[in-house]
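Engineer: Those letters in the sequence shown? Residues -27 to -1, 1 to 777, per mature numbering (1 follows the signal peptide of the UniProt record, and there is no 0), in order.
If you're looking for bench data, these hints aren't it; they were derived computationally from the structure. Small disclaimer: the values here were computed from a predicted structure and weren't measured. Do not take every clue at face value.
To be verified - Derived pair list, reagent style DSS-like, types lysine-lysine, alpha-carbon separation capped at 25 Å:
no. : residue 1 : residue 2
1   : LYS636    : LYS711
2   : LYS153    : LYS251
3   : LYS312    : LYS251
4   : LYS244    : LYS153
5   : LYS126    : LYS153
6   : LYS244    : LYS126
7   : LYS617    : LYS126
8   : LYS357    : LYS244
9   : LYS153    : LYS312
10  : LYS312    : LYS126
11  : LYS126    : LYS251
12  : LYS711    : LYS203
13  : LYS203    : LYS244
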Amino acid sequence: MTNSNVNLAILAALSPALYISANTAVAQDNTEAETEAAERIQVVGSRLSYRTATDGSAPVDIISGDDLAASGITETARALQYAVPSFNFPSSSITDGSDAVRPASLRGLSPDHTLVLINGKRRHSSALVHLNGTTGRGSSNVDLNAIPISAIKRIEVLRDGASALYGSDAIAGVINIVLKDQSEGGSITANGGQTYEGDGEQYKVHGNTGFLIGDAGSLTLAAEYHHKNKTNRAGLDPRQQYPLIDGELDPREETFNRLNHHVGDASFENKALFANFKLPVGDSSQIYAFAGYSDRTSQSGAFYRRALDNRNLLEVYPDGFLPLLSPETQDVSLTGGYKFRVGEWDVDASAGMGSSEFQYRLENSLNASLGPTTPTEFDAGTLKMEETNASIDFSRFIPFVNNSDLAVAFGVSYRENAYEITAGDEASYINGEYDGRPAGSQGFTGFKPESEVDESRDNIGIYAEVENMLTSQFQWGAAIRYEDYSDFGSNTSWKLSGRYDFTDSFAVRATANTGFRAPSVQQIYFTNISTLFINRDGVLVPEQSGTFNNISPVAQSLELGALQPEESQSFSFGFVWRGNDDLTLTVDAFRIAIDDRIILSSSLVPDDSPAVADALAQAGADNARFFINAVDTTTQGVDVVLTKDFQLTYGDLRTQLAYGYNKTEIDGVNLPQILDGLEGKLFDGVERTRMTRSVPRNSGSLAFTHSINDFETRLAFNYFGDYVLENNSGLQTTFSGKWITDLSLRYQATDSVNVSIGVQNLFDEYPDEQDPSNQFNGIFIYPNTNAPFGFNGGYYFAELTYSF
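Take the sequences, apply the hints, and build the full model.
Structural biologist: As structure tokens, then:
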């Protein structure tokens, strides 16, 4: 084989963003592994060529769709969390919209520091902004659960910065979801289960099928229907519920159901449909398209309003009520493209659009200020985010020094982001002035007309990258990208990578890159102003309170200026060791420094400073919070993946050990001069702890998969390390690390039918209980935010699959 052909076969190993770890996808025989390797032209980080396992300059985990499904986990993001230790997907409750679209993050950074692709093309983010006490407060992320597992062929998780390749957001890494693309056959699966406690019942029916189009084209369809009931781990409410009667307790106190809060997973109903289309045209051209639709309705609780509460009306709810947040979310996407050749150049021209809509709905609620005639259901407003992408990419090989080939790629991209807030029903925010009662729908106050926005921004990106295998041992790559945004200006990012193979078994690799994340349109334009009643010396006083965007008069008065991009500098260094008998070890250390991270501040009040008092007075507001570039951080860590296959006397055994460590430290807090001295107010201890310690620093997994005849047994031990939460009183609570054990058995009953049964969290582990001072009268027994593995305890399931 000539050196040029060698380069063609493995050149993707030169990419500054790629390494295929011997992860869960590598447990195949040699023929299957070769087929899989030859197929990996879409692997994140290279636009250019093929790659074989463990060849590359940066770490990537490959998780097959079959491995995601084998876990029995029904949510895509949760299944990915258990497959990739550096990926975090915590559970939360009573966090408004975040109960429906939960934040997920990579390497301990913010959810919006990870770029998500589908078939190598950028995926739109959710319209929701996380405003409450979850990880990634103030961010928006891609809703991975809108993509059904039945549509996924594999997921590629790049654990390295890639802004020079893909643009904004790729600071922590890239997640590329490759859709199934078979031209025949398929499967249908029914799954059901519940928790040990007997709640959280769910059932899911999903499947996929392929059709041959023409002589060599394909159309693959995947669909899902998923229904889940809520879980509840709230404690009993010991408080007085009813007003006194002649100075005595109401007799109903004795019979009242004190399990009145809902602290657990939201219930939901999710429907999704995805399609993936490919059609060769001639010998060197291809038309492709893929599309997705997801519709989810969920329901979660707010704080219970007691009968004696001023926010309740006894005429409507004589026993009090639990407001139910029942948002409806829709995600729609469509991408199409044409691949062809012009001379020696391979060209890929594509365009796509994506839309996320989040409609706030309240049930079992009221607007107390409207009196007894108040509605009990409300449309509280809608958030909508739309994204349009268009790009054209060129790539080819050029003869280079030392009889090698230089892979060259360049391209141009255009993106437009639009954000819209639509006000809710008038009854959801109006003050009816009845008996001095609080205004707005209880559980979530509706968006007012003054919160409405309909804005957009666009940007153009130009990139170039080169890759080369200079010798059989040394490979290198470089990339540069320039982007110009209509709102804040331009940014240039670069990346360098290298790898040296000392032997056939041992290689070292390293990358250095800069990156950026443009402020999202959600952060630029989101605003929500509510009238809240604050207890001032025993008197309820109405205050104008809320989140003001940076183009608002109050933000301009405080000289906050326009939001600027976050900028990063990243370095990684690691090694690959391939031993005998399918033994593979990879170790990669990294350091990511980010300047000007965007935070959602705490609320400012007139007493904070004269400048703040003047700004709030001009805006007619009593308190305000903002998105602001304020924090510099450094995150350091290491990722380890060890795999080995064993040929046993009785069957085959596949093993994998994965470990991730990350630590984030705050280097500085930078505020406009007019806000000097307010660092502790705008970025308090709660937010510092949330940014640095709310995600476990240590996480790992040890998995065994044993196959013999028609049986496959999977045993996995997943470790979630300790994490820290802080309350508004400054109390820090450390929650200890826990091991979660999963066990499942699959039986191939016939060539077409297999049956699985299993248990997740076999030993019924729960997080540590909160400090009593944090339990809100014993109701919040477990942390209701940032619980890495949730707080539902054990869960058992059964599954039936028919393949055709």
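Engineer: Please go over all the hints and tell whether each is borne out by the structure.
Structural biologist: Hints, verified against the model:
1. LYS636 - LYS711: holds, 19 Å
2. LYS153 - LYS251: At roughly 11 Å apart (the allowed maximum being 25 Å), LYS251 and LYS153 satisfy the hint.
3. LYS312 - LYS251: With Cα atoms ~11 Å apart, LYS312 and LYS251 stay inside 25 Å; holds.
4. LYS244 - LYS153: Judged against 25 Å, a Cα distance of about 18 Å means the pair holds.
5. LYS126 - LYS153: holds, 4 Å
6. LYS244 - LYS126: Distance of about 19 Å is within 25 Å: holds.
7. LYS617 - LYS126: OK: LYS617 and LYS126 at ~23 Å, within 25 Å.
8. LYS357 - LYS244: holds, 19 Å
9. LYS153 - LYS312: holds, 19 Å
10. LYS312 - LYS126: holds, 21 Å
11. LYS126 - LYS251: Status holds; Cα separation ~15 Å.
12. LYS711 - LYS203: holds, 24 Å
13. LYS203 - LYS244: Given pair LYS203, LYS244 holds - Cα atoms ~17 Å apart, limit 25 Å.
Of the hints listed earlier, there is not a single one the structure fails to meet.
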